[in-house]
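**Q** Chain residues, written in single-letter form:
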Amino acid sequence: MTDINRRQLIQLGAAAGAVAAVGATTKVVIPELQHKGLMSKDGVFDAASIAWADALYTEVFPTSPLILSPFSDALPIPKALRPEPKSTFSAWASPPGGGVGQQNSLGNERHQIWTSKLGYPDPIVYKIKLQVAGHSFTSSKVLPIDRAGQPTVSFDEQGNPLPAGTVRSLPKSTIYGFNGTFPGPRINAEYGKPVLIRFINELDQNPEQLDRQDFGAPDWSFLTHLHNAHTAPESDGNPHYTMQYGPRTHGYLPGMWCDNLYLNWPAGGDDREKQSFFWFHDHRMDHTGANVYKGMVGLYPIYDPKGSRDMGDERVGLRFPGKRTNNADGSFDVEYDIPLAFYDCALDDGVTVHQDMHDGLGEYPDANNPRTHPEWWGKTFFKHFPNHGFVGDIFTVNGTAYPVLEVKRRKYRLRFLDASIARIYEFMLMTSTQGPKSAASLGYGGDELQGQYRIPDGQQCMKFTEIASDGGILPFAVTRNSFELWPAKRREVIVDFTKYMDGTPTTKGDVIYLTNVMKMTDGRMWDSSTRSSPDPNYKVPVMKIVIGDNAPDYSVMPTANRQLASLPPLPSNWQGLLDNRLIFEVERGSVGGETEWLINGRQFDPTVPARSLKNPAGKTPLAQQKKGSFNLWEIRNGGGGWVHPFHLHMEEHRTVMRNGKVVTGGGDKAHPDDVSKEDLIALDPSESVIVYRGFRDFVGPYVAHCHNLAHEDHAMMFGWEIT
Amino acid sequence: MNRLRALEASWLTVGCVAVAVALADGFWLTSLQGAVGAVERLSPPFERWLRDSLIMVPFFAVAVIAALFLTRRWVAADRRPGVRLLVAGLLMVALTFVVGVVEVAVSAGYDYYLQTHHIMIAEHLLHPTYRIVGNTPVLVGSATCDAICQAKTATWNVHVRAFWLSTALIGVTNAVMVAWVLALRGGRLMARIH
Chain R
1 MTDINRRQLI
11 QLGAAAGAVA
21 AVGATTKVVI
31 PELQHKGLMS
41 KDGVFDAASI
51 AWADALYTEV
61 FPTSPLILSP
71 FSDALPIPKA
81 LRPEPKSTFS
91 AWASPPGGGV
101 GQQNSLGNER
111 HQIWTSKLGY
121 PDPIVYKIKL
131 QVAGHSFTSS
141 KVLPIDRAGQ
151 PTVSFDEQGN
161 PLPAGTVRSL
171 PKSTIYGFNG
181 TFPGPRINAE
191 YGKPVLIRFI
201 NELDQNPEQL
211 DRQDFGAPDW
221 SFLTHLHNAH
231 TAPESDGNPH
241 YTMQYGPRTH
251 GYLPGMWCDN
261 LYLNWPAGGD
271 DREKQSFFWF
281 HDHRMDHTGA
291 NVYKGMVGLY
301 PIYDPKGSRD
311 MGDERVGLRF
321 PGKRTNNADG
331 SFDVEYDIPL
341 AFYDCALDDG
351 VTVHQDMHDG
361 LGEYPDANNP
371 RTHPEWWGKT
381 FFKHFPNHGF
391 VGDIFTVNGT
401 AYPVLEVKRR
411 KYRLRFLDAS
421 IARIYEFMLM
431 TSTQGPKSAA
441 SLGYGGDELQ
451 GQYRIPDGQQ
461 CMKFTEIASD
471 GGILPFAVTR
481 NSFELWPAKR
491 REVIVDFTKY
501 MDGTPTTKGD
511 VIYLTNVMKM
521 TDGRMWDSST
531 RSSPDPNYKV
541 PVMKIVIGDN
551 APDYSVMPTA
561 NRQLASLPPL
571 PSNWQGLLDN
581 RLIFEVERGS
591 VGGETEWLIN
601 GRQFDPTVPA
611 RSLKNPAGKT
621 PLAQQKKGSF
631 NLWEIRNGGG
641 GWVHPFHLHM
651 EEHRTVMRNG
661 KVVTGGGDKA
671 HPDDVSKEDL
681 IALDPSESVI
691 VYRGFRDFVG
701 PYVAHCHNLA
711 HEDHAMMFGW
721 EIT
Chain B
1 MNRLRALEAS
11 WLTVGCVAVA
21 VALADGFWLT
31 SLQGAVGAVE
41 RLSPPFERWL
51 RDSLIMVPFF
61 AVAVIAALFL
71 TRRWVAADRR
81 PGVRLLVAGL
91 LMVALTFVVG
101 VVEVAVSAGY
111 DYYLQTHHIM
121 IAEHLLHPTY
131 RIVGNTPVLV
141 GSATCDAICQ
151 AKTATWNVHV
161 RAFWLSTALI
171 GVTNAVMVAW
181 VLALRGGRLM
191 ARIH
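If you read the protein sequences in the order shown, they are chains R and B.
Position one of the first sequence corresponds to residue 1 (this note's numbering), numbered consecutively onward.
Position one of the second sequence corresponds to residue 1 (this note's numbering), numbered consecutively onward.
These aren't lab readings, by the way, just hints derived from the structure by calculation.
None of these values were measured; they are calculated from a predicted model.
One or more hints might be untrue.
[To be verified] Listed below are the simulated SDA-like cross-link pairs for lysine to any residue, each with C-alpha atoms no more than 20 Å apart in a straight line:
| # | chain 1 | residue 1 | chain 2 | residue 2 |
| --- | --- | --- | --- | --- |
| 1 | R | Lys41 | B | Trp28 |
| 2 | R | Lys323 | R | Tyr57 |
| 3 | B | Lys152 | R | Lys323 |
| 4 | B | Lys152 | R | Glu59 |
| 5 | R | Lys499 | R | Ile583 |
| 6 | R | Lys614 | B | Phe27 |
| 7 | R | Lys41 | B | Phe27 |
| 8 | R | Lys614 | R | Ile583 |
| 9 | R | Lys614 | B | Pro44 |
| 10 | R | Lys614 | R | Lys627 |
| 11 | R | Lys41 | B | Leu54 |
| 12 | R | Lys193 | R | Ile113 |
| 13 | B | Lys152 | R | Lys193 |
| 14 | R | Lys41 | B | Lys152 |
| 15 | R | Lys193 | R | Ala74 |
| 16 | R | Lys614 | B | Lys152 |
| 17 | R | Lys519 | R | Lys614 |
| 18 | B | Lys152 | R | Arg602 |
| 19 | R | Lys669 | R | Ile583 |
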């Protein structure tokens with residue numbers, strides 16, 4: 001045996017240490033990077049940057065009081081808003097019309113295309129007022145808890161403390177709502193039947209003298225965007241337009257009105273461009289997130305009566321679930337077709353300091369921030385400039401926390417919408433023998449309390465049949481165990497409540513939980529989801545579904561091989577357009593660290609179109625497109641360990657490449673919807689996506705932006721225009 | 001040159017320590033820049049790390065040589081090799097720490113310079129903002145010192161926190177890297193030390 005001297009022993013120890021370090025890296029670090037989608041040479045640095053950011057930006061958010069009786073409030077299902085009779089709107093001082101000066105109260109704009117130009121009838125006219133109101137997220141009693149999940153003090157409306165353990169009722173939160181409700185009205189629209197909505201700003205009126213707190217546009221202006229309707233700029237509700245035309249400021253101020261004309265006309269008049277579920281929300285520059293969080297959300301399912309294809313009647317056409325009832329005024333309701341708007345909020349605990357960079361702007365002088373606001377205990381808490389994005393710890397559906405929905409034993413069409421600031425959800429349908437337990441009672445604390453309840457024994461019991469995405473009806477239905485819902489995205493599914501996925505019939509009284517299985521403790525990206533190291537303990541019931549009586553059902557569950565829709569074709573030479581594509585990279589900005597967001601290194605300038613990065617042809621074209629043209633646009637995620645839901649206004653697109661690979665035939669397991677039309681790109685960390693889209697029918701300024709609203713409000717937006 | 005020759009350092013040790021420390025400190029600096037640095041300086045981090053580390057290798061090499069030089073001056077030649085090795089190692093850690101910290105400080109200073117320029121033209125801070133007084137929108141917040149100063153202060157504070165945190169990390173990292181390289185070299189510090 002060879003003798004080993006001391007020097008060799010030291011060398012051996014060093015080598016062993018290196019091997020151990022490599023082993024530990026392989027065991028611990030690499031799986032974590034894979035789990036986060038950061039397993040690349042740049043991803044390693046992104047992961048370290050995240051760790052730095054976590055260490056440097058200490059942001060405290062309140063812990064909302066625990067809702068003691070969840071799943072007891074019925075899910076609100078908005079009825080169709082009734083239109084204004086012609087006799088009424090004709091008598092308005094400024095009736096709607098296609099003439100010069102008729103588009104807004106300033107008298108300085110007209111509708112670019114009036115309905116008659118398309119051979120369409122006059123629009124159905126609605127009136128929606130922007131109003132200050134109070135909103136209750138739950139009727140349940142609540143128990144104030146701290147970050148450890150332990151009972152804590154609360155405060156009354158004067159800010160006087162109440163002892164820990166005092167069970168309370170929640171005060172109403174102040175909202176700015178469409179017609180003073182959250183969510184706002186539901187408009188059931190149809191292709192071929194234009195809709196005109198007169199939005200009237202009454203936010204200066206506050207009859208109940210509600211405390212407006214420290215968020216919501218400080219000038220009380222609004223700017224409504226019908227996401228993602230094919231509309232002219234004056235009706236699109238985008239700041240690239242309003243800063244130059246119409247109001248020539250961020251939005252429409254109190255006392256003003258504007259008529260948004262939604263032609264319900266598919267892009268290019270092409271039936272293949274039809275969509276099926278829009279929503280309208282505020283888009284006021286710099287305060288979109290605050291205004292949406294304050295309640296400016298409305299629902300706009302759009303049906304297709306052509307050939308009775310999808311008109312809300314399950315006996316004809318595609319035979320999706322829906323029982324249509326026509327009202328005498330031209331509106332209609334559809335039973336068994338339910339929109340579900342998901343929104344997470346945090347409620348003030350009275351001890352968390354309100355502080356962010358907006359304080360210095362003098363926008364909320366009465367709040368006198370930075371300070372705590374015990375008098376706002378139990379009301380919605382908001383932070384404009386969150387370094388890690390903003391997520392709430394209470395999950396609501398249609399404005400109600402943890403609601404219950406009683407369904408008939410039959411099929412339903414459920415329309416999912418993520419109306420949250422930044423939270424991404426992943427939904428599954430589960431049963432639970434033991435039922436929901438509060439996360440606090442299970443011993444969780446801190447961010448693990450988000451969602452408040454869990455079903456530890458939850459088991460998947462049903463599947464979703466996805467029939468539509470944000471781009472409209474899918475070419476073929478997709479059966480899914482779960483699906484992700486990113487901010488502003490929509491997913492429509494059919495669920496058969498007559499049987500479980502193993503074929504066992506349901507019985508009256510059975511309980512199913514719509515469950516979120518994606519843990520996302522800050523606005524950066526998920527901590528766990530089924531596609532990246534799922535956390536088996538994270539099963540947060542969001543809505544309880546109770547099986548009720550039988551009901552007639554004439555709908556037909558689409559099979560995987562039954563074609564539902566045709567996609568607008570890609571030109572055979574689309575790859576020949578790659579060299580001249582427009583390229584936009586979204587990235588973290590620089591002010592105050594992680595508090596600003598940029599595109600191509602620039603902040604949003606609402607007065608000019610953006611310029612592309614240098615493309616393979618060596619050009620840096622302006623974001624200007626000729627009317628009637630099509631092009632490839634690339635959106636890159638500049639990294640930093642963030643995900644970005646990136647939204648392009650005005651026409652939906654088709655994703656053709658993701659990370660350099662052609663995905664027109666599918667292939668990206670993380671993004672199965674890439675095969676459909678979409679109006680929002682789900683950008684994973686450091687991803688690059690190339691989309692093909694058209695620029696048809698209208699001219700003028702539009703925008704594209706991240707729909708993480710904290711990003712959008714802090715400059716992650718760019719202007720583009722059609723000439 | 002004569003002095004360097006007289007030092008009779010093990011150039012392999014000098015090179016290994018300088019490269020290892022430059023790469024390790026560079027990793028922290030690059031990832032820190034990804035978290036709080038100016039966007040104008042951002043480029044694919046892996047390439048940036050290699051480039052910046054390469055630039056820093058000569059500075060770290062000088063620090064290591066200086067450590068060896070001071071060891072020769074301060075520790076008598078007849079002292080036990082272990083003592084000399086320990087002193088030399090500690091000096092290497094201390095001097096490479098100084099280089100690493102200066103690197104972070106210079107980088108943060110440049111970031112802050114770029115970022116303050118950015119703040120001065122920040123659209124959302126400068127374009128007109130309104131609030132309601134009575135029932136009338138009143139222009140506020142446009143180019144007020146409040147907003148800009150607050151943004152600058154926030155940026156400054158982040159860099160200060162980052163600096164102190166990176167100081168601690170660089171100290172620990174350099175100690176580990178120096179110890180590891182010296183161990184891999186079997187304690188060969190200078191050509192004459194056996």
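**Q** Do the alpha carbons of R:Lys614 and R:Ile583 lie within 20 Å of each other, as the hint requires?
**A** Roughly 7 Å separates the two Cα atoms, so the pair holds.
**Q** Is the hinted pair B:Lys152 and R:Lys193 satisfied, with a Cα-Cα distance of at most 20 Å?
**A** Violated. B:Lys152 to R:Lys193 sits at ~52 Å, over the 20 Å cutoff.
**Q** Is the straight-line distance between the alpha-carbon of R:Lys614 and that of R:Lys627 20 Å or less?
**A** violated (23 Å)
**Q** Holds or violated: are the alpha carbons of R:Lys41 and B:Trp28 at most 20 Å from each other?
**A** This hinted pair holds, its Cα atoms lying about 15 Å apart.
**Q** When you check the alpha-carbon spacing of R:Lys614 and B:Lys152, does it fall within 20 Å?
**A** At roughly 32 Å apart (the allowed maximum being 20 Å), B:Lys152 and R:Lys614 break the hint.
**Q** Sort out whether R:Lys614 lies within 20 Å of R:Lys519, counting only the CA atoms.
**A** violated (37 Å)
**Q** Between R:Lys499 and R:Ile583, does the CA-CA distance stay at or below 20 Å?
**A** violated (48 Å)
**Q** Under the criterion that the straight-line Cα-Cα distance not exceed 20 Å, is the pair R:Lys41, B:Lys152 satisfied?
**A** Judged against 20 Å, a Cα distance of about 33 Å means the pair is violated.
**Q** Below or equal to 20 Å on CA atoms is what counts here, so check R:Lys41 against B:Leu54.
**A** holds (17 Å)
**Q** Can you confirm whether the C-alpha distance between R:Lys323 and R:Tyr57 stays at or below 20 Å?
**A** violated (51 Å)
**Q** R:Lys193 and R:Ile113: Cα distance at most 20 Å?
**A** Within the cut-off at roughly 14 Å; holds.
**Q** Verify the proposed pairing of R:Lys41 with B:Phe27, using a straight-line Cα cut of 20 Å.
**A** Roughly 12 Å separates the two Cα atoms, so the pair holds.
Violated hints, listed in ascending order, are 2, 3, 5, 6, 10, 13, 14, 15, 16, 17, 19; each of the other numbered hints is respected by the structure.
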